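A.B. asks: Spelled out, the chains give:
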Amino acid sequence: MSTAELEHAKTSAGLPPHPERATMEGRNKVLGFWLFLGAETVLFACLFGTYLALKGSTLDGPTTQELYKIPMVAAATIILLTSSLTSVLGVLGLHQNNYKKLMFWFGVTVLLGAAFLGLEIYEFVEYVHEGHTFTSSAFGSAFYTLVGTHGAHVLFGITWITALMIQARRRGINLDTAPKFFVASLYWHFVDVVWVFIFTVVYLMGKVG
Amino acid sequence: MEAKVQQNQTQIKKQSSESSLKHLISFGWMILLTAVAFAAVALNIVPQNLVIPLILALAVVQVFLQLFTFMHLDFKKHRLTVMFMFTGIGIGVICAVALWILV
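Residue numbers (our numbering), protein chains in the order written: chain A, 1 to 209; chain B, 1 to 103.
Hints are computed from structural coordinates only; laboratory data are not their basis.
Source: prediction; values computed, not measured.
The beta carbon of each residue, even a glycine, is placed where N, CA and C say it ideally should be.
Please note that a few of the clues may not be correct.
Pulled a few chain A residues facing chain B out of the computed Cβ check, cut under 10 Å [as the list claims (entries may be wrong)]:
1. L31
2. L35
3. L37
4. G38
5. A39
6. T41
7. T50
8. A114
9. L117
10. L119
11. E126
12. H129
13. Y144
14. I173
15. L175
Listed next, the in silico EDC-like pairs over lysine to aspartate or glutamate satisfying Cα-Cα at most 20 Å (straight line) [stated by the list, open to error]:
16. B:K77 x A:E25
17. A:K101 x B:D74
18. A:K29 x A:E40
19. A:K100 x A:E25
The whole structure should be built from the sequences, with the hints applied where relevant.
C.D. replies: Here it is as structure tokens:
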């Protein structure tokens, strides 16, 4: 985009329909973020492989079948899946240049993320009471590394989106803040994508045996 | 001129409402796929040796739904982003399967 076009986009009342790709910086941010997500995929894949290799090594501690509780996992899954939808509704607000819609749906996303995190902390405390800790067995180490890394991503995601919302309250939606929201929503969807594999590979496959 | 502007605006509105519907439909599919996966494990209706391949396939379908609807990935428009992500997935699958089988 030429500078004249950019000036026009800045001064005219409305933003372009895809403000996150309207500037060179925005486009590069989105492209670079996909490169990052590709690398994150490899990180999580290695943790999944490690977990699958070590999940049988329980060292007389509780096994996957004894430990996992399907209703709690189902609740966490519904919460995170819904938060993925609310963040895409926030992005629609961004595309419609609708500040209120953007802030409302990203706010809901943060709350759902916090609820998910609360549930996960409760789950970990339960497991520790049942003798399943980080150092109790190779299964324990692999489990907490995988699920804990995902939980850390959720924590980072809600902190990031909250910070962006504080910035947007001061500066509104413009060609500078729009790519940031878009990229944060990509991150949030990615966290949900990883959870899809966690509930499948860790919890459901753990129940099957 | 004014009529044209108005037409343009309704077009934009139409597009956005359509895409909102698209996301809701894809969310419905994700919930359905998740429910089928949980049911397959909890209710013992699927033969034991088919459960794991089935739930893995359901997870893969759901991830593709996320990538191409929620994350706005587009094969024609953003070739480079698609390439980055699929390189990551390809290397990731090799690493995960290798660790699983070899360790």
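A.B. asks: Now tell me, hint by hint, if it's right for this structure.
C.D. replies: Verification of the hints:
no.: 1; hint: L31; verdict: holds (6 Å)
no.: 2; hint: L35; verdict: holds (5 Å)
no.: 3; hint: L37; verdict: holds (6 Å)
no.: 4; hint: G38; verdict: holds (3 Å)
no.: 5; hint: A39; verdict: holds (6 Å)
no.: 6; hint: T41; verdict: holds (4 Å)
no.: 7; hint: T50; verdict: holds (6 Å)
no.: 8; hint: A114; verdict: violated (20 Å)
no.: 9; hint: L117; verdict: violated (20 Å)
no.: 10; hint: L119; verdict: violated (16 Å)
no.: 11; hint: E126; verdict: violated (19 Å)
no.: 12; hint: H129; verdict: violated (24 Å)
no.: 13; hint: Y144; verdict: violated (17 Å)
no.: 14; hint: I173; verdict: violated (15 Å)
no.: 15; hint: L175; verdict: violated (18 Å)
no.: 16; hint: B:K77 x A:E25; verdict: holds (18 Å)
no.: 17; hint: A:K101 x B:D74; verdict: violated (25 Å)
no.: 18; hint: A:K29 x A:E40; verdict: holds (16 Å)
no.: 19; hint: A:K100 x A:E25; verdict: violated (25 Å)
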